[in-house]
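Protein sequences, first through last, are from chains X and U.
Just so we're aligned: 18 in numbering that gives the first Met the number 0 is position 19 of the first sequence, and the numbers increase by one with no gaps anywhere.
Just so we're aligned: 297 in numbering that gives the first Met the number 0 is position 298 of the second sequence, and the numbers increase by one with no gaps anywhere.
In case anyone wonders, no lab produced these hints; they're calculated from the structure.
Accuracy of the hints is not assured; some may be wrong.
Said to hold, decoys possible - Here are the computed lysine-lysine pairs in the BS3-like style, where the Cα-Cα straight-line distance is at most 25 Å: (1) Lys-41(X) with Lys-140(X); (2) Lys-144(X) with Lys-42(X); (3) Lys-33(U) with Lys-81(U); (4) Lys-41(X) with Lys-123(U); (5) Lys-145(U) with Lys-140(X); (6) Lys-41(X) with Lys-47(U).
What the hints assert, rightly or not - Some chain U residues close to chain X (C-beta under 10 Å, calculated; not the full set): (7) Ser-58; (8) Pro-59; (9) Ile-86; (10) Gln-96; (11) Leu-97; (12) Glu-98; (13) Thr-100; (14) Leu-126; (15) Gln-127; (16) Arg-128; (17) Ala-129; (18) Arg-130; (19) Ser-141; (20) Asp-224; (21) Phe-240; (22) Glu-275.
Stated by the list, open to error - Sample of chain X residues at the chain U side, in silico, Cβ under 10 Å: (23) Thr-33; (24) Thr-34; (25) Lys-38; (26) Ile-39; (27) Asp-62; (28) Ser-70; (29) Tyr-71; (30) Arg-73; (31) Gly-74; (32) Arg-87; (33) Asp-91; (34) Ala-127; (35) Ser-130; (36) Asp-134.
These numbers come from a predicted model, not from an experiment.
Beta carbons are placed, not taken as given, at the ideal position from N, Cα and C, and that holds for glycine.
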Amino acid sequence: MIQKKVCMLGTSGVGKTSLVAQFVHSMFSDKYLTTVGVKIDKKSVQVNGTEVTLVIWDLAGDDDFQRLQTSYLRGTSGYLLVADGTRRVTLDQVVELQKRVAETLGATPFVLALNKADLAPQWEVDEARISALADNFTVIKTSAKEGAGVEEAFAHLARRMTPPA
Amino acid sequence: MPDAGSPAQSILEALGFVLFSRKGPGGALRFLGKAPEWLDTLWPALTKSGGTLPVADASPFLENFLIDAEECWRRGGAERAKSGPWIEQDASGAEVQLEATAMTADGQSILLLERLGEAFEARKSVLQRARETVIAHQRLNSEIQKKEILLHCVADEMTAALANVITSLRLIEREDNGPRTKLLLGLASRATQEQQTLIHRILGVFEDELRGVYDRSDTTKMGADWNTVLRRALDSAAPLFAEKGVRLDAPAAAASAVQVPADAVHLERVVANLLENALEHTPPSGEVIVRTDEEPEALLLRVEDNGPALAPEVCENLFAKWDSSNAASQASALRLHFCRIVVENCGGEIGCAPLPAGGNRFWIRLTKTGAAA
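Next up, chain U with everything else stripped away, as it sits in the complex (with noise of 0.2 Å):
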């Protein structure tokens, strides 16, 4: 041990360390030497008691981790026990950054305490941005998704708008027009026609930025693994379900693997958002049911709620954009319109029935990767 006054003594005060020594289990915190200014500022009582540390007065987390502490010195050796960095206040009100040590020298229980300065400021920084990146790319894939599905839908409306000025443009072609009024249906025809393209287009690269942010794979090509789409819908719905105490009654594994033509990540909000759907309806104490049920060419989904049952009528409307028949939220609206144009965009379809026996089966079906459409 450095002698008070000591070189060894003033290199160690100059680099922000300080030593107090333990008498004993549950004995008092004396420090060794005499205190630095920034010391006597933070605990004035030490200088008041002689260089004893009142420590339950002074810091309740140097108390707390002496429990710690007294554990190290009990086993000896070359154990070491770190506190991890913590904030005091001085009277002042400025804020000292502290970190102890506890260890065994010379048979000492010893207590290194180091005023950490630079090297806080400098680890604090880091964390800063990092969890400053953290939490902005968390704010991005939210608004990502939001604006995904809102495309979506305004991009599903335009097109239904689109296909009905198109059918109604070749019925008239149709007719006994004169010249001009051939020469204007062409214009206009050939106007929509592009305009759905445009539209087709902006979809498409909307969907290559979204593949550039997060790197996924062209699953729409070579299909997305079924099974796994199910396992990770159903793991993020578990904790929901735990919450509100509705039972997850879902297959425990698929028997085979499946392949289904769409993007993996577009299914599994649909799977998700189905659960949720049916969340939402289920009374806390109540059960869904999750099956799925493979046809000669296709995967059928069933998720069962024991909500209240849906009028045939509204089951019909369910899936439209801002259905103001649903009597749940405008989200989960939007949320049944999203997954009836992601099934209807691989080929598949979507619906809801109402059961016998009280409660509601919505379901989704659809065409397995290399099966006839």
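Bound-form chain X, shown alone (with noise of 0.2 Å):
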């Protein structure tokens, strides 16, 4: 059996854990829980024929209260970078954290995630935005309350992370 390991990164309250909760549990809460440290769910998916397990990892939010421990980035085999279209400052936050952690991991697997387009008249990323990411991110646009693009994103880098034999 595959396993490979996915970490969930972004600063606080974009909805990294919710897409994990859509996305393994189908399920989804309006409350925002902040996550304190790492908590650690599996799926399976079928990825050119073979099931591949992911290991995700739900990182506590990068922020001025809790830094990313590098040391849980070890073995990552992609990553889900998550930022919250209703707030521009965490798209510009999310795009500095993935070059430390570039520098961490070197070249590895990575989508984008942005999320809460359920709420798209109050988004402030506008597509211009988007297009000038799109040369250096794959961009999907998610909403963890209705589901739209979550098994997209995730499937979209477990095809990354495992290339055809």
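Combine both chains into one complex, guided by the hints.
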């Protein structure tokens, strides 16, 4: 059985835990509950006809209160960057975070999930910004609340981590 | 080391601590003593295997931490390595919050595992409130910025319309009017002027409130430092340019310190808006050139892009609110309108013109502090 370690990265309140809950348990709660430390979940997906178990490390938001411990990234096969489309600053922060992570992990597959797509009228990230990012990032709009884009984001990452034999 | 069943061992367990020992590098992790109920529920394999924890299966987090722990045990002495908190789930789905510490005691490699319980909840509660506050502050900040721009736009529109009414009334007043018409004209004229004063007062109150929120100093009176304003705007914009692959050619630093009579925060947003506008219209691999020219009594900022050249008639209307000729977004039209309001409010000028070799030049001219307007 193939196992791949996936880290959820982003600043606090962007919906990392909610994305995992939607992906693994098909559940969503509107209430924001901060993550302290690390919580690990597993889910199996099919990639090119092969079963791959994603070991998903939901890491606490990287902010002034808790800095990302780089030792948690050890052995990571891919990571899902998460930003909140309704708070532009979280996108700026995750772009900076990606640079720091790349210094530790080197060239490792990643996908950027622009979360809270269900709150489109409140978005502060416009299409011009998303297009500008597209050269360096695979950007997928997600809604942990409605499930839109969630499977796609993880599936895309899983394919990137598991090249065809 | 406390003996199994000793008072020390019981106290440790009552406090939520359990001990494991490591038998040599890469060796098995053996539990010391009798596993408490919560540990048995969490990792049933521990009891089944006679006290040896199959780490790889039981906890990927612990497996990862053991690499740091091995390094700690190798160094020995008073060295400690802490895992940081993590959450495990037992067979019933209940969450167990843990933290591990690696240390050396009596020559043995020891792993101290703590069940965090109340301490974890207390820490979580503090972090929850702190993060909620940060998120609320970010949302409030963003909302205030949007309202500030909209308020200025609405006020500008109302002021312009009122100015037309006042001019018309004055022209009518010059005509040969009857006493009743003169009286009514006077009333109308006074009412419009009061409206104009009211609009300015509302803007003033809003400015004061903003100052209260951000504790801004009154930079309008003493003037903003141009070099600081420009540097801050360039620094903020640099990541956006890098993302799109557009080169930002800007002066490293201006030759001398220059003060301009404007609010530094507003002026920084004006420069940021012009940079974002240029970036929006410049294709990837293009270039945006930023230059500051010092004139005897004024300062000229030029922002030149590689975008499609604008027709002169488009340039004339580009800074009007909701300019229909502006092919860009409504947001970008509002951005440029905001620039005009801020620049004109501090006695400056703003404009744009197509460049002969392609692209466009956006410019603002600001009177220096102390210079005759």
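>> Hint compliance check: list the failing hint numbers for this structure, sorted ascending.
In response: Violated hints: 13 and 20; rest satisfied.
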